[in-house]
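Residue numbers (full-length UniProt numbering): 1 to 885.
Warning: the hint list may mix true and false statements.
[As the list claims (entries may be wrong)] Derived DSBU-like pairs: lysine-lysine, alpha-carbon spacing no greater than 35 Å straight-line:
1) Lys162 / Lys49
2) Lys162 / Lys457
3) Lys30 / Lys404
4) Lys253 / Lys378
5) Lys677 / Lys706
6) Lys253 / Lys677
What the hints contain is simulated information worked out from the structure, not anything from laboratory work.
Note that the coordinates shown come from a computational prediction; the quantities given were computed from them, not determined experimentally.
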Amino acid sequence: MLRNLFNQNSIANKYKNLVNQINALESNIKSLTDSELRAKTFELKKIYKEENDLNSILAESFAITREASLRTLGLRHFDVQILGGLTLNNGKIAEMRTGEGKTLVATLPAYLNGLTEKGVHIVTVNDYLAERDQVSMGQIYRFLGLDTGLIQENMTVSERQKNYDADITYVTNSELGFDYLRDNMALNLREVVLRPFNYCIVDEVDSILIDEAQTPLIISSTIDTFIDKFIVAAEIIEYLEVNIHFKINEKKKNVILTEQGTVQIENILGVTDLYNVNDPWIPFVINALKAKTLFFKNVQYIVQNNQIIIVDEFTGRIMSDRRWSDGLHQAIEAKEGLPIRENTQTVASITYQNFFLLYPKLSGMTGTAKTAELEFEKIYKLGVDEIPTARPVLRDDLSDYIYKDQLSKWNAIAKECKDISNQGQPILIGTTTVEKSEMLAELLKEYQLSYQLLNAKPENVRRESEIVAQAGKKGAITIATNMAGRGTDIILGGNIEFKVRKQLYIILVNSKKIWRQQKSKFISSLYNQFPLLSQKFLSILFSLLNNPVFNSLSETEILRLLNESDQIKTPRNDYECSIKFLVNEFIRFEKKDQKVENTIVKNLGGLYVIGTERNDSRRIDNQLRGRCGRQGDPGKSRFFLSLDDNLLRRFGGANIQNFMQNQFLDDSPLESNLLTKSLDSAQKRVEEQAYDARKYLFDYDDVLNKQRNVVYYERRQILESKSVRDKILAYGEQVVAEISLELKEKNLDLNEALFLIENLFGTNLILNLFQKLDLNKSNYDQTELDTYLYQEFWLFYELKSLELEIRQPGIIKALERTLILVYIDIAWKEHLQKMSLLRDAVSWRGYGQRNPLFEYREEAYDLFQIIGQTTRHLVIYDLIRSSML
């Protein structure tokens, strides 16, 4: 019980009464039939509608979810998982160690908030996790009468609408963010997929809200690209030398051109000014230098299908839908000799910070949030509660081994792998880049060690779940780039479900090929391979092989059926029923061996995690360590470091380097408290720099966000309104008032005034004006002119409406709405470009003792005023000239 597990100051004390209430309801809930349990959903919905308060149904809803989980998945929430669910429902971050069942925890607040019928979004880091969780956890919601949705990359608008309208929707952060931006570019309500935001649970919250938040979400359109300049710049920099023509700042990921370098490039190009506004070369040169000195193949990116694909430095995953901005991506394409794709222009953007702050209720879960607690509180107003483990943590985090250089370190890792694998203890090795993972793989080959490799390369990604699931097998060696958000538990002794499905797939595919020709040989080999399989298993297998419908299935369809067998509640046909039985029977058969394997691996010390380098963030290190010692399992971790590791080289300082070099007598490692402290300090500095960069991005986007909210709110009002007639009339009257004001302020004579009016309203209005006003007057009557312009606009508008309505009924309403939306989007797109240029411009004003952010706010306000004016003038101009021809 909770009182025995936690001390008086723990999070358990805070929710003690609620947990006791939930536990007290368990016996009554357990006595209900399935239909009675499902009926509880309608009762709770009714109570919520009457009281509009989730707290009144919280305890009962949690108890119902726990029982539904037990009946559908065979999993009962532990008390600590109840604590996690309460934390999430309270709008906080639940820090739960790897293997504590975060996916199951999310079902508790998701079901409760799903009862509001306003929608719940559960956000994951990749499509695989979204699909897996929706399929598995969705069984609980569907059992209780709620529907679930899943958003995948290639879905149509109607499919997205249907899935977002579900009570609980699983979606990736990027799909959700881009759908929001696309909704705010829609020209028709039928194109809008999202409903108003209600409640969001973010899985791997630190990965999404911190690591991913360093890059805003951007929707772009292609623009003219100076491809030749990218190619020439890539060639020019070959004639430049570091520290003579340019300097590299690794900490800030920047390159600075020296005066000597500027002269050298100008001489090569035969130009007088690299910074010429009309023909600038400097951005192309700087990007070419960055591409060469700061961005490396198989580290920051890979080459796939003749394209540069970015590798996420925090998760080791590829980001095929992302491109570096401001010409950097094109510069890297030129460096690698690949086809240069067109540059892009931003048409819509938002930072993850401001996007997730749109949710009235936000929460998240992860295994590593405490080190970033300050940022969560400052940016997202999210507190972090550390949830205790269900069982004591037995992991042993050993002190770091430090070597004098890279060669010594990698040889030591390989030797350690050989020694440990000889004993049978499974090993997981975490590397920071694709390049280093492949280099270590080659080294292990020399030691004649078998291994599994998991990095951003497509051929490895496809087997990700299987590789991670089997990383706990006896004697297994797994090399992986960063392990954030892998989403598959490493089970000591191996994951039998993956093993069973793989073996069954091989049996079924091979048997289809030889069943008819060599039936007796097949049966004999099967008996030899699995002598303890039941007779019923074999008879079901043989009947399946005689099923003509099954024999017509492709290998891909068979694999899909095997992977989805646990989701089939009521099989639709004979072969589905057979496959479900075969999988369950095989799992039962293999469980005996798995228990033995699990015990053996535990006795060997559990999973051994080796870190090959300290990451820039302590969280990433902790994520790697957290892969072992799950749910009370034994395990140990150790980091192997060298003095020339990136982090120590960039931040350790020359004094540390010199001091430590003198400590080494041979290739033996040191265990140095001084170096450990130095590394901890370096990581903190990197984290602070990364936080400053995100805070900078957030502060500047906050200015734009206020403007974005105004524009998007006006867009939505126009989309939802039945008629925008009043808006058009208001636009016209404002345009007339602005023209009148300009005439007064500039004190224009009549000819100049006529030119200004003609430019907007056309020549017909001018002819009428000539007839009406006395042109012999040296000074015209401003009030008379204003009155005339207002009257003519109203009259013109009515005539134009009648003209278009006669030709095609209803067209004027559609035209007006489309015109406003299109020109709002055009003005907003131009505004984004101006704001980007403004941000670059004000950054230099800090050298003049002026506050760049303050200057940005001031000038951004002035720029924003122009959007409305531009939109009004363009809409009225186009409406006046519209026709059905």
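Evaluated hints:
A hinted pair counts as satisfied when its Cα atoms are at most 35 Å apart, and lysine 162 with lysine 49 qualifies at roughly 24 Å. Of the supplied pair hints, the one linking lysine 162 and lysine 457 holds, its CA atoms being roughly 34 Å apart against a limit of 35 Å. Distance restraint check for lysine 30 and lysine 404: the Cα-Cα separation of roughly 62 Å exceeds the 35 Å cut-off, and the hinted pair is therefore not satisfied. For the hint pairing lysine 253 with lysine 378, the CA-to-CA distance comes to about 26 Å; that is within 35 Å, so the pair holds.
Restraint check: the Cα-Cα separation between lysine 677 and lysine 706 comes to about 42 Å, which exceeds 35 Å; the hinted pair is violated. Under the criterion of a C-alpha separation no larger than 35 Å, the hint pairing lysine 253 with lysine 677 is consistent with the structure, at around 24 Å.
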